[in-house]
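These are the residues of each chain, in order.
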Amino acid sequence: MELLLVLGLPLAGTLLLALLGARHFAGELNIGVSFATLAAATLLVVRVIRHGPLLVWHDQFLVDSFNVFLVALTVFVGFTTAIFSRPYMRIEEHHGRLNPRRLRLYHSMYQLFMAAMLLALLTNNMGLLWVAMEAATLSTVLLVSLYRTKASLEAAWKYFILCGVGIALALFGTILLYFAAEQTLGREGMTALLWTHLDAVKEHLEPRVLGLAFVFLLVGYGTKVGLVPLHNWLPDAHAEGPTPVSAVLSGLLLNVALYAVVRCKILAEGSIGSALPGRMLMGFGLLSAVLGAFFLWRQRDIKRLFGYSSIEHMGIITFAFGLGGPVANFAALLHMTVHSLTKSSIFFTAGHASQAAGTQRIDDIRGLAGISPTIGWGLMLGSIAILGMPPFGVFTSEFLILTTAMRDHPWSTPILLIALGVAFAGIFSKVQPMVFGESDAPPLPHSPAMVPVFLHLAMVLTLGLYMPPALAEWYRAAARLIGG
Amino acid sequence: MLKSQLIAQSLKLLAACLLLISFAMLSRRRTQRLVILFAWQGAILFLSTCLVAYDAGLTELWYSAALTLVLKVIALPWILHRLIQRLGAQWDTEPIVNIPITMLAGLALVIFAFGLAQPISMLATTITRNTLGIALAVILLSFLMMITRRKAVTQVIGFLAMENGLFFAATSATYGMPMVIELGIALDLLVGVFILGIFFFQIREQFDSLDLHHLEALRED
Amino acid sequence: MWQFGEVALAIAIAPLFMGWISQCRAWMQNRSAPPLTQSYRMLRKLFHKDAAVATDASLLFRGTPYVLFGTMVLAAAIIPSLATDLPFARAADAIALIGLFATARVFLSLAAMDIGTAFGTMGARREMMIGFLAEPALLMVLFNAFLLYGSTSLPNLVNEYAARHTVIDPSVIFAAVAFVMVLLAENARIPIDNPGTHLELTMIHEAMLLEYSARHLALVEWASSLKLFNYACIGFALFLPWGIATHGADGGVPLLAAVAALVAKLTVAGAALALIESLSAKLRIFRAPEYLAMAFLLAVLGLLVHLLLGANINA
Amino acid sequence: MNAHLYISGITSSAIAVPALRLLLIVVAFWIVLGLAGLVRPCSLRVVAHLLFPLGAAGCLSVALVAGVFLAANRMSEVMILPLGLPSLPFHLRLDTLSAFFLLLLGIAGTGISTFAAGYFRSGVGTAPALLCLQYHVFLASMAIVILADDAYLFMVAWETMALSSYFLVTSQHRIPEIRRAGFLYLLMAHLGAICILLCFGVMQGGSWQFTFDAMRGASLTPFWASAAFLLALVGFGAKAGLVPMHAWLPEAHPAAPSPVSAMMSGIMLKTAVYGMLRISFDLLHVRFWQWGALMLAMGLFSALYGAIFAAVQTDMKRLLAYSSIENIGIIFTGIGLALLFETCHLPLFAALALSAALIHSLNHSLFKSLLFLATGSVLHATNQRSLGKLGGLIRRMPWVATLALVGTLAIAGLPPLNGFVSEWLLLQSFLFTPQLPHAFLNMLVPLGAAALALIVALSAYVMVKFYGVIFLGQPREASLGHAHDANWLERLGLGWLAFGCIAIGIQPQIVLRAAGAVTGRVLGGAAVSLRSSIWTIVPIAPGQASYSGLILLLGIVGVVGITFVLVRFLAHGRMRRTDPWDCGYPWQTPRMQDTAEGLGQPIRHMFGAFFRMERELPSPSDVNPRYRIHIEDRLWRALYLPMARGVQRLADMAGLLQGGRLAIYLLYSFLTLIVLLVFVL
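Chains as they are written, first to last, in the UniProt record's numbering: chain W, 1 to 484; chain L, 1 to 221; chain C, 1 to 315; chain D, 1 to 681.
Derived by calculation from the structure, the hints in this document are not laboratory data.
We put the beta carbon where it would ideally sit given N, CA and C, even for glycine.
Covered stretches of chain L, as calculated for chain W (at least 3 residues, CB under 8 Å):
1. 115-121
2. 138-147
3. 151-160
4. 190-198
All chains, please: the whole structure from these sequences, using the hints.
Below is the structure:
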């Protein structure tokens, strides 16, 4: 059945690429596996759309409208990233920054990472969720340190320790959750940690325990979401890892972590009955948005710049989830989608841009439109999209979020206004000279893969102007599920 | 009845020892000692798990006890020991915050943790209810230790101690998590430590030291 | 019938008025005065001369005198100097009249800049400066009138006045003083400008005419005398509209009365102007703003006085 | 004009075709045109000689449709497109207000597109096809902004407008100043857009209904209504260039290619005016006289500010940009006045002021685009933008000079051209301010009229400087000797706009009627009474005031003609050409002419308080003396730089958070944990 395929294929790919990852066709193989996963996931999605939510294997696995679209997103971006990473890694090899052994590590870890994320998304068991998150961390740690440079090692180390500690706290939260659960659900079988069961009885869970548990889970998974002030690993990891990894990190991993947080929030809110968890999310969200924006203002490294932009956007999404309610949740889910599409495409272009200029320092990247129009305009359009200019989809969600905030919590809108304004100035003042102006850099050895970039941007553009009813219905269902 | 009383008493005793050991870790400077203390912690964990398993008569707890013994009492300390030998990182230099203050902070944390856990542990149906506070205290203490130390190795030991605390919480407060999860956790732990091992070597060959103040290049300047 | 008579009269006696002023000035400064017809002679002479035009003067330069003359004649046709039922007056109220004068000013300045000589441009600059300072003051004066009589078209003003025989409203005094100051400024008289001098650095109006000669010069001179005449008539219409043949008045008697009244007013006004000019000294060019600001202030004061004394606003 | 042709027939037989559909077809047509250019990306011929004229035809048809709509004073049409958000498809609506601004867009756009067809040369900056695309997307988005009937579509079109114009501004992106200007422009536009968005957020009033209909229905407390109004004022003011949100305008307009500057200044700024009107008169149902007073004050201040700064500029496009600020100020003054009257229940006077504002928007879009395009021709002919290097072009390029003269006289507010009409109407409406029931207002506001008079006269000064320095006098550079006149397409475009200026000047009844249709709809029936024949316009009552551009024109022409003939008859003097006399000063060089700085000197002297001046005077003993002056906007240092510095400081503070030490990071997590635990404790 599809679920098995979706989970199994990446694992198989991991082993396969662990053996063959060093061959010259590894890139294609990687693409192949990702594509197979994509196909399987499509089947799964179709099935879920047809027959509604899906609970299998003693309810251990859950596919409902909330996570299925994240699954679709994950496999899709995973696929496009695989397409992108083939020429990118070729060029890296050509520049002598990587050797076949590293490539093997890269390819197999890439697949493992995908597998871990899919597991985290699909499992119905909070414990397994935790395990999957930990696995994702471990695999990406190896990916971040792929270049073995001082910087990349340091980044990986910080990433490992911070996220390790975070994840440990999350585990304690899970334990507390279990502790609360077994009061009501008892410990027969392994039902006490199944999200669906918890969701069913969340009103009867002991609120005080759930409060504690939520705090630990929030701090734990929030570290991986990159909420200020737990974000410190994020820019380093994004800047020092290989670009495809940065793309999947900010495009997918953050989403998955946020997904975990939201699942916990649903339970906590149901049990506590007050809006406290929502308020916490709003606080974190605003803080991340504002501080992320101010960080943007002072960046010198292109990938670091967009890493911070991810923090800012995660802040906005978290804020929206904190607001709760059908529209805000809808907007948050939409923003998740468009952000991961846009941000990954930006990282694709940024990666090629830094390859073309031979550096990641913004001041040394000039006149991209001159070197290669596709890269230049890709970066320009991507930045404009991520800055929330219509007709791109990011604007749609920001429109909904801002208006909702204006309606429910007017006090927060000035903060958001500042955040958006500063972020705009921060990013655009740096992107514009990179794209425009003169340059005398040589062309790239291998032709860059710009198809994914423009594919993503086209999708984001479409979402900005027209949303297929099926998708909208899907979001609505998910929003209803999250409630709040 | 009396038996369970006895078990409860002894569990409390073990919990106290656990707390004591964490304090000791907080105060130690030599990494070797820390490893040994860590092993002791594992041992106590093993004992407590056995007791709980015996009391509750749950087979899967026996498994996890065995797992603890293998992993936390033998494997990890041994690996760490070898690592330290190979890397020659016996001495941790002066911690960032000096010991007495750390101890005071630790004391405050313990009080905080108890205060936090007090109302909750009342709910526990198990005989080992109020050990939850101690578990929390252990976690926070090892967190504190991670913050105050300079060497990579000591940070890792702190990290592992934290895991112990979690494990203790899991077993004592809730008679252990479902088996799958236990296994998953253990696996992750193992992999993590291996990765750490790889890291140590890479870090050392890059920076020819495990001192963390080399790892402060990436920053906002 | 009134209409064309009035225009003809204006064109005819405007130079005479100019001459009369200079004669009075000469007397007051006990110089021997030129004859009253002096300005007519000058015009004739100029019209018969050969015109000398700068090599690269554009059409704008040569066309401007005609435009000036045209606008001034049109203004004369709008201002009720003799009678109030003027079909032309429908075309422009007092504000449009100001616009008309502004048009003339702009054309003259552009023409002065056309040759590109230093003095021409300097004159143009100063002229425009005076202009944009004078206009607000003038507008405030009109505001006063509007508040009094509820109209900005001059004939209706006069009719209103004739209709109700009110005593003079206190605000009118302020307005009148302001108006006289503006009149002096706008018509290049002392204390802003000196029509007599050709001392380069002080002149404004003359500086713009430097390049004109013969018939062009004649037209410009005629136009400027018409301008002075028009301003005087505006003043009469606003502040002492006695004797102007109001609505329905027809036939010879009112006509004669109106002409007589006009001549009398002009005589007095000319003498008064000459007196002011001889008594006051020319200001430095950058004192002009203060002078006009004063005028503006007076007009505003008049306005406030009117509003405070609470005369009936909407007549 | 187009309206004029139709007024006669159409009013009786209102045709059945829905105007809205026609307009949408044109919009789609524009986008197709834009994309069509991409087929042959670098062929200038296709783009210039096929696409742009077609675009002009589109503009013309928009003008026709809107004109017919206004003339027939049709009921408003609505339409819903199945796009946009799931719960919020695109709503479109054509009513008289939007029709008026579409008329404006159409008339000005026709001229600009025609000119652009002849203007764009190959080789420099962005590829012609891309320019064509951006240009037509810009047009289309402006049309959609005016047609939008829900907040989402409005915002999308609004930002698309900003974006496409940004790309047009930076088409010469090799030059750093232009990039800087573009950045500043887009930043301000975006901030403004967020303000507008928040304004809509306020007005949605409870229900998540973003259609304008729902907003009309929403009931707001005075506080929130005022909040919405202020947000709108900031947002649209930033787009319109209202002081102090004007900083981008004098940067972006000179940077852009001339047709684009014309488009931005002529049409885009008006979309901001449209938005302001739409929100304050249509969507918000409660209004307060304080709003009007605020708007009036801001408008007058902007106008004065713009006029004063325009007077001291030495770059011709910059000068025009500041003059745009001035005119926008005048328009907002009119709107503010209308608000005042309307809130004091004097609908007739409100209608008068509003008509003045509307007509002035139309006039400004005509003469300002005309002048910007003229500067474009001058730029092409001479490659000079600085006034200090131009002069005497009336002999080299008579066509441009003549047509520009019309624009100059019109913008200087001189009868019988169109600029005077609107200003006259505005002054007329000022005359009634003493009837305001508020003690202070009715004394203070009349001073506004005086300020307005000062501003208009100042703008006359500015325009004399503009025209005189560029077209009159001697060429200040030898290179101007071989300047060539504009080509026929450019002349056609300029001619169209000039014709518009004259036509509205002598037949203001048409636009007055159009404005009446708007005010009638907006102010509930109140419209300027048209008790006036084809000869004169009578705003309130014939006793009070009347004006006729036609008669004035005929009068002047007649008198001039007669005089000319008579002079020819009587004065039998020949005319001979000589050197200029100039007080007998023989050694004339072009450098001795008065410069642009010189013409600005009285203003600098009088309004010194407004400027930051750096002057460098030559010493008397200097062999080749050089005089340099640099004028700077005080607000730039007073407002914008501090803001930037503040952000920088905050960013540095934020930077301290990330000190690179792992222990500290762990400490953050630790403290966060503790704090949250205390929270739930």
